[in-house]
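Spelled out from the first residue to the last, the chains are:
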Amino acid sequence: MKNSVGKRAQRVDGLAKVTGCAKFVADLMPGGALCAKILHSPHPHAEIVSIDTTAAEKLPGVKAVICGRDYPLHTGLYHVDQYMFAMEKVRYVGEPVAAVAALDEKTAAQAIDLIKVRYRKLKPNFDPIHGMKKSAPLIHPNLHKYFHVSAINPVPHTNIANHFKIRKGDPDSAFKKSFCIIENRFHVPQIQHVPMETHGAIALAEQTGRITVWSSCQSPFTVRYLMANCFKREIGDIRVIAPYVGGGFGCKAGINIEPITVALALKCPGRHVKLILTREEEMYTVVVRQACHIRIKSGVDRTGRILAQENEYIWDCGAYAGYGVNIVRAAGYSICGAYNIDNLKGDSIGVYTNRPVGSAFRGFGMSEIHWAIEQQMDILAHELGIDPVEFRHINALKPGSHNATGELVTVNTGNIHKCLDQVAADLGWGKKLPKYRALGIALAQKAPAMPNNATSSAVVKFNENGGVELLFSGMEIGQGVMTAMAQICAETLEIPLEKVTVVGLPDTDYSPYEWQTVASRLTFSCGNAVKKAAEDAICQMKIISAGIFKVRADDVVYKNGVFSHKNKSIELVQICMGYQFTDGHTVGGAIVGRGHFTAEGCINCDPDTGYSPKPVANWTFGAQGVDLSVCPETGRITIHKVSCTYDVGKVINPLTIEGQAYGGIVQGMGAGIMEQLIVDEQTGMVKNPSLVDYKIPTALDMPEEMTASFVETAQLDGPFGARGVGEHTMIPTPAAIANAVYHATGVRIMDLPVTPEKILSGMHGLDFDSKDSNAKPEQPVSRSKKKRGRPPLYAKKWDRVKR
Amino acid sequence: MNTVSVTFTINGEKETRQVRTDMTLLKFIRETLLLTGTKEGCGEGECGACTVIMNGKAVHSCMVLAAEIDGADIQTVESLAGSGELDKLQLKFMEHGAVQCGFCTPGMLMTAKALLNSNPNPTKAQIKEAIAGNLCRCTGYKQIIAAIQDSSRGGRK
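Heads up: the sequence lines are chains A and B, in that order. So the mapping is simple: my numbering equals the position in the first sequence, first residue as 1, plus 33. So the mapping is simple: my numbering equals the position in the second sequence, first residue as 1, plus 12.
Treat the hints with caution; some may be incorrect.
[Stated by the list, open to error] The calculated lysine-lysine pairs, modelled on PhoX-like cross-linking and capped at a C-alpha distance of 25 Å, are:
#	chain 1	residue 1	chain 2	residue 2
1	A	K139	B	K39
2	B	K69	B	K100
3	B	K26	A	K96
4	B	K136	A	K56
5	A	K56	A	K532
6	A	K674	B	K136
7	A	K592	A	K683
8	A	K40	B	K100
9	B	K39	A	K56
10	A	K728	B	K136
11	B	K69	B	K39
12	A	K209	A	K378
13	B	K140	B	K69
14	B	K26	A	K674
15	A	K728	B	K26
[What the hints assert, rightly or not] Anything over 10 Å on all C-beta distances counts as not near chain B; from chain A, calculated:
#	residue
16	E230
17	K451
18	G634
Just so you know, the hints here were simulated from the structure itself, not pulled from any lab data. Here the structure is a predicted model, which is why all the values come from computation and not from measurement. Where a beta carbon is used, it is the ideal one built from N, C-alpha and C, also for glycine.
Model the full structure from these sequences, guided by the hints.
Structure, rendered in structure tokens:
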């Protein structure tokens, strides 16, 4: 019964979610739970002179008040740079300084107001480029003392939390041979994940020493591990239970508010302490997407081949970089996107500032760098008079190419050229369009950014009816992992999908280990573990069957739920709980299959050159195209159509993968044209911490049409050939939009998001409708620098004239 | 602490309760009636996760005081399959892949239900307009709109 993988199966968690039965953390209401509240720093950078909690402690109904001196403990995933509560100083507005647990919300809020903190203000810095200079204030003077994983390279006594370098070939000589050199700068602002469910956690500390945490998290095992380190406990003392998660997009990866609830719970043993963040707190006190300042300089020959490139990414990590340093690393080994460039100088540098904490966000750095890379490719194509699709075909990776780290691309790596052609065909690339309407295209590549030892495991346990309970700890955060795992399990066991019951909401006491639900890694990694667990179960039953048939296990054939040898056969249901002979004696027993998977052969990049023959487990490539019009009076964009194609190796479930594609496109569109977290550089305060002022796409904003298609170049070590795609779908959208806007108006916007104001200002600057060819852009929409004395790109009208 | 007595119908059953005058309908539904299908996404009337049907209209329950519901008829997501059978909307949401993380789903369903009750055959534009106050960060709305359209009278079987 091999018909589960590739089936348009409905979600296994759908029924719980449409009936309102699915429980999220806030829906858990243990009797007598205390309400927790956090006191946040009002300053972006200040010394903490004193904290007086006396009045708060005396308030009736207050059960615990804690601050840094109670728990002077650090946490962090890749770079252990953050205290649970600010200690010597605060580093961003919104940083937790103290917390209370009280009988009810009102009392907790009153107690927060009674905590007196005296600060001595320090000079803040909000600019990572300034932060790299010697004159900048040091945000982490003890950087050199922090523990970090080996793949991270902080620079002691600076604000640089990580510096990843790519040095490939000889860029200097190659630039000299170039026909044309173009250099541009781009900027990506901080944005917010805006999961519909804010962060929440409940902690219970018992007198036995046992700590239990219910958390809205993407990584229950990582939460447990980091918490054990942070509180100096045995891992076994801590139990993390993860109910349904109402959207993560990276913000619930790693560890977040859990230690605060535990610290409070330790002060009131036996009582549950519940902390659910408000929407305002969600917007800037936990994590956001990092900002990035980008410079790309490319040298091309007359045929359009890129000979040399310099890519410089200066990341605004915000106040802490426990997770952000790995985004810096991921951007480093992916430095030039999906292109084959022999001579490369790449620098990805993460810098501390006094902005909100940057962390993982769907795409993990790739959406940010592709904003620049994919516009630069379009700019180069235009400059050479080559069609942007053709230009990408000339330069994109193909079998035999070596990517930025020197890894060889093979026929199994994934086929970006097919994706590009499919998207071009879907959009009708080259078709004639009315004035102010145009197409734009962008490519994407991404690898799962995870430690080389990140591992997944799964358990398949049989029931009396020949069905199974499938256990794993990949978190269902909306992406459909429960359904995909059920399909992989059913396909491998050759049993109907309905026979698989997913026990997918992890409890670290009972569930098999999973590193984290991040990086689009579950279909690949957890999927492999599930497949191996099912294969292990079959193998065990083959051995038992062989004993019954009196043959070697290798001679037993398993097909569609039946073990057989020549004319003898036993059904799965007869053997999965032990095989009973007619006289009553029984062999075998309840079958439990187990599997684990860790990507093989991944090697850390060389710290000086970035070289690695295999820096990551795999790559997923894709392309996205946009058809849009711009209103010349208002600058408003109407997106008519977005088409995307990804080479996913194998589509496990068409229904859920389409959901990932459409959802990613619209989230990418939000980042592309609407979203930006605005920090007031006087006060350090976020000026738009609500859904009123920070707009995300509604049903009225979505593109008029979206299509998604998939190429299936099998990943050799993927389950049924599959590789990940969850994040990739939002990576190329902003750049594709910007490219289309340029084609439609002649305005090139390098500073995300693409707003009507920027478009209009650029259009007026270009003064399209007058004859004045000397008009200059008012907005710094471009800082294009080129050799050979040609005029700046954006003061030219040739693109429109060509039409 | 001021309280008032309110008599209301919740998912078809009549009840009388004392409620605090500062309590929102959302809090009352979740914490007093323990109907946790209705979600809080912002508490400020901006996201729609807390949408319930009050006297036939979709409302943000975080923007209504519990004290206001005297005499009102309230339906939450739990009412949709109250008869023991799933509502057509629930089936179509599953069939079309209109559910991902599921946090916006109850509110989205109640908005859709109120729309179809008042307009059994809405156009795509009317559906978009109706759910514009219900934010979803996962799906990109396409499959939600398809599910609602397919649930309408003119939708395919």
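Verification of the supplied hints:
Restraint check for K139/A and K39/B: the C-alpha separation of about 14 Å stays at or below 25 Å, so the hint holds. Distance check on the hinted pair: K69/B and K100/B sit about 19 Å apart at the alpha-carbon level, within 25 Å; holds. Between the alpha carbons of K26/B and K96/A the distance comes to roughly 38 Å, so the proposed pair goes past 25 Å and is violated. The straight-line distance between the Cα atoms of K136/B and K56/A is roughly 31 Å, outside the 25 Å bound, and the hint therefore fails.
Restraint check for K56/A and K532/A: satisfied, since their Cα atoms lie roughly 24 Å apart, inside the 25 Å limit. At most 25 Å may separate the alpha-carbon atoms for a hinted pair to count; K674/A and K136/B meet this at roughly 16 Å. With a C-alpha separation of about 22 Å, the suggested pair K592/A and K683/A falls inside the 25 Å cut-off, and the hint holds. With a C-alpha separation of about 23 Å, the suggested pair K40/A and K100/B falls inside the 25 Å cut-off, and the hint holds.
Straight-line distance between C-alpha atoms of K39/B and K56/A comes to about 16 Å, which keeps the hinted pair within the 25 Å bound. Restraint check: the Cα-Cα separation between K728/A and K136/B comes to about 22 Å, which is no more than 25 Å; the hinted pair holds. A threshold of 25 Å between alpha carbons decides the hint, and for K69/B with K39/B the separation of about 19 Å falls inside it, so the pair holds. The suggested pairing of K209/A with K378/A holds, with an alpha-carbon distance near 15 Å, which does not exceed 25 Å.
A C-alpha spacing of about 17 Å is found between K140/B and K69/B, which places the hinted pair at or below 25 Å, so the restraint holds. A C-alpha spacing of about 49 Å is found between K26/B and K674/A, which places the hinted pair above 25 Å, so the restraint is violated. Between the alpha carbons of K728/A and K26/B the distance comes to roughly 39 Å, so the proposed pair goes past 25 Å and is violated. With 10 Å as the threshold on Cβ separation, the claim that E230/A sits away from chain B is violated: the shortest Cβ distance comes to roughly 5 Å.
Taking the minimum C-beta to C-beta distance to chain B, about 24 Å, the non-interface status of K451/A holds against the 10 Å cut. The non-interface label for G634/A is consistent with chain B: the shortest C-beta to C-beta separation is roughly 34 Å, beyond 10 Å.
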